[in-house]
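There are 2 protein chains.
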Amino acid sequence: MLQKPIGLFDSGVGGLTVVSEIIRQLPNEDVVYFGDVGRYPYGPRSKDIILQFTRQDVAFLREQDVKFIVAACNTASAVALETVAGENDIEMLGVINPGARAAAETTQNGKIGIIGTHATITSDSYPKAIHHIDSNIKVFSLACPLFVPLAEEGYQDKEASYLIAQDYLKILKENGIDTLVLGCTHYPLLKKLIQDVMGDGVTLIDSATATAREVKDHLEQKGLLRDTNPDPDYKFYVSDVPDKFAPVAERFLGRRVDNIIRVDITKY
Amino acid sequence: MLQKPIGLFDSGVGGLTVVSEIIRQLPNEDVVYFGDVGRYPYGPRSKDIILQFTRQDVAFLREQDVKFIVAACNTASAVALETVAGENDIEMLGVINPGARAAAETTQNGKIGIIGTHATITSDSYPKAIHHIDSNIKVFSLACPLFVPLAEEGYQDKEASYLIAQDYLKILKENGIDTLVLGCTHYPLLKKLIQDVMGDGVTLIDSATATAREVKDHLEQKGLLRDTNPDPDYKFYVSDVPDKFAPVAERFLGRRVDNIIRVDITKY
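Chains as they are written, first to last, in the numbering used here: chain Y, 6 to 273; chain B, 6 to 273.
Please keep in mind that the hints were generated in silico from the structure rather than gathered at the bench. Among the clues, some could well be false.
Just so you know, same-sequence chains aren't split out, so a pair can sit in one copy or run between any two.
As the list claims (entries may be wrong) - With a straight-line Cα cutoff of 27 Å, these simulated DSSO-like cross-link-like pairs (lysine-lysine) come out:
1) Lys272 - Lys52
2) Lys249 - Lys197
3) Lys249 - Lys133
4) Lys116 - Lys240
5) Lys163 - Lys221
6) Lys9 - Lys52
7) Lys52 - Lys197
8) Lys196 - Lys163
9) Lys163 - Lys175
10) Lys197 - Lys227
11) Lys272 - Lys116
12) Lys175 - Lys72
13) Lys133 - Lys116
Please build the complete structure, drawing on both the sequences and the hints.
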């Protein structure tokens with residue numbers, strides 16, 4: 006069991022920010038990643054479809070014989086994880102609870118903003134998770150659907166992106182939040198832009214770091230954390246042709262990525 | 006055969022611009038539309054995946070017993086239609102050839118621009134279709150991936166969209182085109198913006214009108230055009246929950262839309 010890899014999945018490439026933190030914080034673990042690039046994005050779809058896709062992603066990772074599953078996707082974590090975890094006898098962690106805990110620990114004035122996809126915001130998962138920790142915290146949630154395509158098209162530094170960010174974030178600024186959760190794994194690519202618009206008084210929470218820390222704690226408690234592994238193995242599976250995935254994965258991970266295998270996820 | 010409906014499919018809602026023109030130009034025809042909203046967008050995906058999705062879309066429409074199939078989606082038309090038409094014994098038309106013919110008839114200076122998704126532009130289908138008509142025409146093709154999310158998020162009139170359009174279209178202006186094909190069924194929603202950026206000297210071609218005209222000609226030639234139908238029937242099928250589709254469909258079609266049925270397209 007100890008020797009088995011950690012499995013992560015995401016609707017596409019965004020979850021690689023979590024993989025990157027797992028590799029940094031848990032350097033002796035093998036990792037299997039599934040990126041559903043053939044069916045991304047999850048964010049604008051219904052609960053039904055997200056549930057169906059998440060079940061298939063988890064079934065695929067289980068077949069890879071992983072010891073622990075991380076939903077490295079805010080939308081899947083927010084909308085489907087609880088249900089799918091209840092249907093499976095393997096432990097799973099999403100990015101919502103770690104992000105919520107990090108935000109609740111960070112806020113000084115008790116006002117937290119959440120930005121994410123339509124599905125994540127509609128699910129109300131972040132406010133529920135935060136209120137579970139401290140029911141007095143005020144939470145302001147906002148869908149920012151254009152942030153994903155802007156990040157993917159390399160529009161991080163453009164004037165147009167700045168205008169769109171100002172449009173979206175104005176209402177959060179007006180409400181005086183001091184902490185903002187980047188509730189979508191793509192948003193860290195726009196971190197500088199979002200920080201510029203929000204100003205230095207607002208702390209941005211990127212759930213990748215918090216999630217990797219909680220995965221580590223969890224595996225440690227269960228005696229499942231490897232303390233040696235001279236040559237850790239990283240495998241990447243995708244649901245469309247791998248050629249577009251490779252350069253993006255290398256940019257996210259800062260290392261050469263060789264093992265990218267295509268699978269037909271609809272068969273799971 | 007004559008009484009059977011016309012079938013149309015698209016990756017989502019964009020193809021409704023073609024449905025709207027079919028209803029206007031062929032008022033006695035019944036129509037069945039399939040919108041693959043559960044798996045849109047097609048534009049950034051590989052040829053392989055687009056081929057798989059198109060095969061399923063066509064199989065579903067065939068089961069609806071239609072007399073003619075229209076690929077009301079530029080990406081599917083550009084990447085997959087020729088192959089899928091070769092595998093089926095029903096007649097099909099895409100939006101590429103009608104758009105190409107309309108552009109070739111329109112240009113005065115022999116310089117045509119094409120804008121579309123990554124997959125449409127990579128397929129080179131528009132230049133091939135135009136050169137088949139007149140090999141002397143110069144064609145300038147450009148992917149504008151942010152136009153779809155901007156159109157969907159209602160960013161038609163925003164300064165940010167204007168800046169992005171200027172960014173994208175600059176190179177087409179510099180090359181002195183006098184005709185621009187809107188090679189994606191979403192782009193007509195940004196028509197005013199694109200016309201503003203390109204200037205009055207450039208004629209925009211929206212394939213919906215040209216495609217409906219060619220469908221009419223074709224059915225007429227085959228003796229399959231109905232000349233009376235007091236109560237034409239319009240059915241809409243989608244691959245995700247229908248509630249988001251209804252208001253968009255009503256906006257596109259300018260009429261109340263009742264018959265929206267969800268299907269599991271992955272079973273086809």
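Which earlier hints turn out false for this structure, listed by number in ascending order? 4, 5, 6, 7, 10, 11, 12
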